[in-house]
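Asker: Sequence:
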Amino acid sequence: MTEKNDKRELWGRDFELPVSFVCASNEDILDSQRQARDAFLASWNEVEASKDAIARYCLNRDGDLIGDSITNIFKYVIPTDIFVLRNTDVHEVALMCNYRYDPEHGLAAVFENERLKKIIPQDEL
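Count along the sequence shown from 1, then add 218; that gives the number in our numbering.
One or more of the hints may lead you astray.
Derived pair list, reagent style DMTMM-like, types lysine to aspartate or glutamate, alpha-carbon separation capped at 20 Å [stated by the list, open to error]: (1) Lys293 with Glu245; (2) Lys293 with Asp256; (3) Lys335 with Glu266; (4) Lys336 with Asp299; (5) Lys293 with Glu332; (6) Lys225 with Glu245; (7) Lys293 with Asp307; (8) Lys335 with Asp286; (9) Lys269 with Asp280; (10) Lys336 with Asp232.
By construction, these hints were calculated from the structure, which means they are not laboratory data.
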């Protein structure tokens, strides 16, 4: 379920990112999911700081195609939306991105309790 778009600057560019929640059609958004969204947005500096880790992920995975370094992350990664997972134990939110070298799966930067936990293909969520 998509609730709203959130306008943010990320890595030097403005984005309007839809905020989506993992819910079955017969389920409501949990209070814990709303709290996770709010905490994630309040800790936006952590998302800003994820750029280097995302660049390392790209280089580790596809360095043979990219080269030795990334000077413009947007040549490879474009944030598309904020995805709030259904978890009552911890805040779990993913920044979903298109990824040039895996357009079918993209990538997800997964944050747990407002800290970057892992970067994975989106279909592994």
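Asker: For every hint, state whether the structure bears it out.
Answerer: Hint-by-hint comparison with the structure:
1. Lys293 with Glu245: violated (38 Å)
2. Lys293 with Asp256: Distance of about 29 Å is beyond 20 Å: violated.
3. Lys335 with Glu266: holds (14 Å)
4. Lys336 with Asp299: Given that 20 Å is the threshold and the Cα spacing comes to 17 Å, the pair holds.
5. Lys293 with Glu332: violated (26 Å)
6. Lys225 with Glu245: violated (26 Å)
7. Lys293 with Asp307: violated (36 Å)
8. Lys335 with Asp286: violated (24 Å)
9. Lys269 with Asp280: Given pair Lys269, Asp280 holds - Cα atoms ~16 Å apart, limit 20 Å.
10. Lys336 with Asp232: violated (24 Å)
Violation of the numbered hints given earlier is confined to hints 1, 2, 5, 6, 7, 8 and 10; the remaining hints are satisfied by the structure.
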